[in-house]
Amino acid sequence: MRALTWHGTHDVRVDTVDDPEIVNPRDAIIKVTSTAICGSDLHLYDGVIPSLQPGDILGHEFMGEVVETGSGSTLKKGQRVVIPFTISCGGCFHCKVQQYSACENSNPAEKQDMSAALYGQPMAGLFGYSHLTGGYSGGQAEYVRVPFSDVGPVVIPDHLEDEKVLFLSDILPTGWMAAENADIQPDDTVAVWGCGPVGLFAIQSAILMGASKVIAIDHYPHRLELAKQLGAEVINFRETHVQDALMEMSGGIGVDAVIDAVGMEAHGFAFDNMLEVVKQKVGIGADRAHALRMALMAVRFGGKVSIPGVYGGMTDKFPTGALMEKGLQVRSGQTHVQKYTAKLLEMIEGGKIDTTFMISHRLPLEEAPHGYKNFKEEQNTWTKVILKPGMAASA
Amino acid sequence: MVAGQDEGVATLGKAAALGLALGAAAIGFMATRRSSDDAGNDGDDAPDYAARRGGGDVTGRTVTIRKDRQELYSFWRDFANLVPIMENVTAIRPAGGGNDRSVWTIRAPGGRTVDVETEVTEDRAGEVIAWQSVEGSTIRTEGRVSFADAPGDRGTRVTLVIDYAPPLGELGRAIAKLARREPAVQARHDLKRLKMHMETGEIATSARRRDQTRAAQMDDAAAKKETA
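From first to last, the protein sequence lines stand for chains C and E. In short: position in the first sequence from 1, add 4, done, that's my numbering. In short: position in the second sequence from 1, add 4, done, that's my numbering.
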């Protein structure tokens, strides 16, 4: 089959590789019909997440048709399914309390040591996201082996086209959980850093949860425009002093809740960020946490901090004083996708959530490297890229 | 193919071969002396093997499994069940004689295997199973697994304690660690696989094809060496 493979920093290629097959009883094989490039794939593209190996197949947002099932799968051939990016067994303690992204059994035993050394306990298995999370082949391919196919996959009714439901795999539940983690109350003013797909879904979710005001922060005019269309007020951090603006826009008290939908590769020319850009370039495993620092300053005393943006390592100059003195609540984490998919599918069917407005480009899988390059370099206009294995490559 | 996804044992060098031999220790290796008595943490509630100083060659690990004690005890008590769980063990079969003897066939360097005969030294249903190699065994081994209720409905805490002394002392330990075949590492992985097997009915692998799993590659490497 054809698949998008990683070969080094800013070097991804479409290669011919072995087709997957059923390995364990609960597996299914999916023929991919649509897959997307995620903002977090850019962390892999940029080489700031360790433990990728040349030839690894990327991609963790995908859906397709069931073409093969193991004896323990509950799926049927021909069903259309969206696959959560988190691989979850359904039987361990964390799965039982719906903390699916902390599944204890999906990361192979010998792969758990790396993340256990970094974080104290091992991470769960994720599709296409380095060997820290199991080294599973990802979904930017023609076929994918899906373990525990009786737990994760969401069966999609025929009348819903791919683009309406594809984002159930990651960014829609991630945006939703980000808003849920911000514990939004009806009178709240909520600030969201980053108007990428997760930030945009977090904005939409926060509004649906009844926030009185949502303020979106970015520097790409087109992305800010999308946020505005959803009903957010916007701040362009290139033009406006964000801390001052947020203090004024929250009536001098600070915002009630902040959502960092940026993560470890923050943009901007603030001193702390430039220092961390240099550290990442020379290979010191430092996260660029500029957005998070700003968020911790902007949030009011007793306020709420939600971190859906991906961080992988450590950071310096972290405002522990603001964190403690202000009595903040912090909630974060990889998304417990399986907890949210049924409810969100219902909201999509009922027309309550619009999932297609951010899609800017649709490419054949063969043109995926072009998609990565532009998603990284043309962030203003390349807001979300969908790859179609079945689409003919342009000549 | 996902390069290096399941590192082939066939490619391991000499150091790793020594490591493999040590890996056998994961099921309990050598050292008749119980060295936990000199652990330096008698003043607190932590297990001896978590001591900063002393503790000698005892290694231990606990894993929580969502199954009841009796079920886990019964599974372990039938040693043959452990073969797919323990990466360096290729067969476990009952031996004649008293005291519940078993013969464990363990992977060794050069695609060979070594047989170790053990006897059960302690056995309390639902609580504990301990074993050690019989007198005159070429490999000395000692292990103990215990089962305790976890809080609420979290299942059972399974603790595996192994007493071992690596060949070549600290050097041997360092080499084995490099090859990720150090007994403590192996014991940890074995317990994770036990948990997977009991909670999910299968052992997680990111292999895309059946011949790419670790188990398949180890068998394959062993077969190649036999025919070489």
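Note that these hints are calculated values from the structure, not bench results. Misleading hints may appear alongside valid ones.
[As the list claims (entries may be wrong)] Here are the computed lysine-lysine pairs in the DSBU-like style, where the Cα-Cα straight-line distance is at most 35 angstroms:
1) Lys-35/C <-> Lys-330/C
2) Lys-321/C <-> Lys-35/C
3) Lys-168/C <-> Lys-232/C
4) Lys-232/C <-> Lys-330/C
5) Lys-71/E <-> Lys-392/C
6) Lys-217/C <-> Lys-232/C
7) Lys-71/E <-> Lys-80/C
8) Lys-81/C <-> Lys-71/E
9) Lys-321/C <-> Lys-71/E
Exercise. So which hints don't hold here, by number, going up?
Worked result: Hints 1, 2, 5, 9 contradicted; others consistent.
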